[in-house]
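The whole structure should be built from the sequences, with the hints applied where relevant.
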Amino acid sequence: MVALLGPNGAGKTTTVDMLLGLLRPDAGRVEVYGRPPHEAVALGLVSAVMQSGGLLKDYTVGETVRLIAVLFGKSRAAVDEALERAGLTEIAGRPVGRCSGGQQQRLRFAMALLPDPELLILDEPTTGMDVAGRHDFWTAIRDDARRGRTVVFATHYLEEADAYADRVVFVRRGRVVADGTAAEVKALASGRTVRATLPGAEAATLERIDGVDRAEVRGDTIFLHGNDTDPIARYLLTRTEARDLEIASRNLEDAFLTLTADEEKK
Amino acid sequence: MTAVAIPDRTLPRFGGFSLGMIELELRRMLRNRRTVVFTFVLPAVFFLLFGTSGDYRTERLGAGNVTGYVLVSMAVYGAMLATTSGGAMVSVERAAGWSRQLRLTPLSPVAYIAVKLVIAMIIGAVSVAVAFVVGAFSGAELPAYAWVACGLLAWVCALVFAAFGLFMGYLLPSENVMQILGPVLAVLSFAGGLFAPVDQFGHTFATIAKFTPAYGVGEIARYPLTHTGNLWLSTLNVVVWATVFSAGAMWRFRRDTARG
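Taken in sequence, the protein lines are chains E and W. Last residue of the first sequence: number 266 in my numbering, and the count goes up by one each step with no gaps. Last residue of the second sequence: number 1260 in my numbering, and the count goes up by one each step with no gaps.
None of these hints come from the bench; they were simulated from the model. Where is the CB? At the ideal position from N, CA and C, for every residue including glycine. Any given hint could be a false lead.
As the list claims (entries may be wrong) - Looking from chain W toward chain E, a few residues come up when the C-beta cut is under 10 Å (computed):
no.: 1; residue: R1009
no.: 2; residue: R1013
no.: 3; residue: E1025
no.: 4; residue: R1027
no.: 5; residue: R1028
Stated by the list, open to error - Taking beta-carbon pairs under 8 Å as the criterion, some of the chain E residues facing chain W (in silico):
no.: 6; residue: M18
no.: 7; residue: L22
no.: 8; residue: P25
no.: 9; residue: A27
no.: 10; residue: V30
no.: 11; residue: S47
no.: 12; residue: L55
no.: 13; residue: E63
no.: 14; residue: R66
no.: 15; residue: I68
no.: 16; residue: F72
no.: 17; residue: G73
no.: 18; residue: A77
no.: 19; residue: L158
Here it is, written out as structure tokens:
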């Protein structure tokens, strides 16, 4: 599973649309499994779960899947299997208009499974889902990926990339800024953060402490960033009134912020 | 990079045009109560309201009676409504993003349009049949051949409005396109002499009426009964409007698919 991670406007959806032949690149050429995208899509080599839309309210869940099956020349057995794998068997007779956001997204997943694609693309698949819906959805995807399918998902949820991706590709303003495992990408923005409660602290004073690269003050809470945090902690506990001290290695979110930082300054 | 062995895959025949899709689409269309009422019930009700008074049943017209004349006009109106709403389905589907979803399948755009046209013509045929059955039991008199000929002509000529529906479906991205097209069709039907013969209008209106799209279809469909009117002019009317609407639909359709 590969995560395509980046802030809004980074070019994730554009990339996905080009892979699916829904958009033509302004320059250059897109090939999927050695073919033009629309051909790969028509052959069912690649399929996708889109962010929203793409469903008709007056079809039932089962009919929607059957229609896609008819178009790909698949049997009724394939329909039942796709419904089963997406966890929709029980609501196959329900009109799409009466399904929750999570159920609709699982329906899109069932539709994407039908051609039995080599590559499954998910474009921000959990937008608008509640926590339980999100969990069920990712469980279904993970189970599917274990059977050997390549899954690429675009997301701006860091936790999702961190939790589910074997490889994370960071994009920003149409460029890849990092590419590796979640751990490798995290390491790009190295260092740790000491968090403590210290009323009345000033960032400028804190930055003079040995080992502190950058200090932040948010109300009574201070955040001190640095590569070697032990001397910082020692200093805080012995020379100041700081309490509630915590040391954390940076998570993917920090890496994300570091890698996308200069965008925010502009 | 390791090469992945990919099993051979093939494309469906006829660009994805299939009976299975037509069946599912038809079922969906008939589930929509508004569609059923407007395309199947309304024309028959109009016929019963406007065409079955005592005078009309006894007054002879051509080889049948006036009730029969009104019936054919209403059948044309019903076929227009049915085929237009069939074509206009594309509007709802584009609004819902369904057309985009279908682009992720082997269904070719041409096959998609073909399916829409077939659906439009099927519900058009049902609409004509419903009106004719009601008419047969409500005093409409037509010679046997005219029942068949008028019905077929009303149905086939309604292809013009399937093209009209497609054109409008691509032009108007609205979710409720038929709420706009319903009144438009009523006006066109009135102007085209389906609700009242055009020679009952003033001279100027009668002349204008002959250039409106419903006029030609109505005149041709009624011809086996009346044997009056200028068949060549009516045919020209139908051909010109069919060309205009098809060209319009093609133009919008090309723009719609060109983005990919």
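So, going through the hints one by one against the coordinates:
1. Taking 10 Å as the C-beta cut-off, the interface hint given for W/R1009 holds, the closest approach to chain E being about 4 Å.
2. Checking W/R1013 against chain E: minimum C-beta separation of about 8 Å stays under 10 Å; hint holds.
3. Contact between W/E1025 and chain E, as hinted, is supported at the beta carbon level, the nearest pair being about 8 Å apart and thus within 10 Å.
4. Proximity of W/R1027 to chain E holds as hinted, the smallest CB-CB distance being about 7 Å (cut-off 10 Å).
5. Evaluation of the W/R1028 hint against chain E yields a held restraint, the C-beta minimum of about 5 Å falling below 10 Å.
6. Because the beta carbon of E/M18 sits about 10 Å from the nearest beta carbon in chain W, more than 8 Å, this interface hint is broken.
7. Because the beta carbon of E/L22 sits about 6 Å from the nearest beta carbon in chain W, less than 8 Å, this interface hint is met.
8. The restraint placing E/P25 at the interface with chain W is violated, with a minimum CB-CB distance near 12 Å, outside the 8 Å limit.
9. For E/A27, the interface hint is violated, the least distance from its beta-carbon to any beta-carbon of chain W being 17 Å, above 8 Å.
10. The criterion of a C-beta within 8 Å of any C-beta in chain W is not met by E/V30, whose closest approach is roughly 12 Å, and the hint is violated.
11. Annotation: interface hint on E/S47 holds; nearest CB of chain W at approximately 6 Å, less than 8 Å.
12. Given the 8 Å rule on beta carbons, the hint for E/L55 holds: about 7 Å separates it from the nearest Cβ of chain W.
13. At a threshold of 8 Å, the smallest CB-CB gap from E/E63 to chain W is about 6 Å, leaving the interface hint in force.
14. Annotation: E/R66 was flagged as interfacial toward chain W, and the flag holds, the nearest CB pair being 6 Å apart, inside 8 Å.
15. With its C-beta approaching chain W no nearer than about 6 Å, E/I68 sits inside the 8 Å limit, and its interface hint holds.
16. Because the beta carbon of E/F72 sits about 6 Å from the nearest beta carbon in chain W, less than 8 Å, this interface hint is met.
17. Interface hint status for E/G73: upheld, as the beta-carbon distance to the closest one in chain W is roughly 5 Å, under 8 Å.
18. The interface hint given for E/A77 is broken, as the beta carbon of that residue sits about 15 Å from the closest beta carbon of chain W, more than 8 Å.
19. Because the beta carbon of E/L158 sits about 27 Å from the nearest beta carbon in chain W, more than 8 Å, this interface hint is broken.
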